[in-house]
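Note that this note's numbering numbers the sequence shown so that position 19 is 19, with each residue one more than the last.
In short, the hints are calculated from the structure, not lab data.
Keep in mind the model is a prediction, meaning the values are calculated, not measured.
The reader is advised that the hints may include incorrect statements.
[Said to hold, decoys possible] Label-pair distances were calculated between CB atoms; the ranges are: (1) His61 <-> Ala89: 16 to 26 Å; (2) Gly53 <-> Thr93: 11 to 21 Å; (3) Ala55 <-> Ser95: 27 to 37 Å; (4) Asp18 <-> Ser95: 16 to 26 Å; (5) Pro38 <-> Leu9: 30 to 40 Å; (6) Leu9 <-> Gly70: 30 to 40 Å; (7) Gly49 <-> Leu85: 17 to 27 Å.
Note that beta-carbon positions come from the ideal geometry of N, C-alpha and C, so glycine has one too.
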Amino acid sequence: FGLQLFEGLDVDELDRLDVPLITTSSHLGGFLHQQSLPMPCAFALGHEGQGVGEAVAARSHLQVRIAQPGGEESLNVAAAAAICLHACAMVTTASA
1 FGLQLFEGLD
11 VDELDRLDVP
21 LITTSSHLGG
31 FLHQQSLPMP
41 CAFALGHEGQ
51 GVGEAVAARS
61 HLQVRIAQPG
71 GEESLNVAAA
81 AAICLHACAM
91 VTTASA
């Protein structure tokens, strides 16, 4: 399991990714735990309430949301990243 972090990229630089881009949303997309995640992949996580911008969402291969029983509006982006990375680790472990 390897991790590369990129911050502050121009949106056009996402077009050079060699892996599918997965974006997160608090209201759109299928639930993360019900998705078949492509591996390897890249995640783009947006602002807590607003999510990723339209230009990033347009480049997304898959949009996911994290189940939040109780109706919370959003998760802290660090918590969302941890949940997404855990889901990737589970996919990697299951395929080993």
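Verification of the hints:
no.: 1; hint: His61 <-> Ala89: 16 to 26 Å; verdict: holds (19 Å)
no.: 2; hint: Gly53 <-> Thr93: 11 to 21 Å; verdict: violated (32 Å)
no.: 3; hint: Ala55 <-> Ser95: 27 to 37 Å; verdict: holds (32 Å)
no.: 4; hint: Asp18 <-> Ser95: 16 to 26 Å; verdict: holds (19 Å)
no.: 5; hint: Pro38 <-> Leu9: 30 to 40 Å; verdict: violated (20 Å)
no.: 6; hint: Leu9 <-> Gly70: 30 to 40 Å; verdict: holds (34 Å)
no.: 7; hint: Gly49 <-> Leu85: 17 to 27 Å; verdict: holds (22 Å)
When the structure is compared with the earlier hints, violations turn up for hints 2, 5 and for no others.
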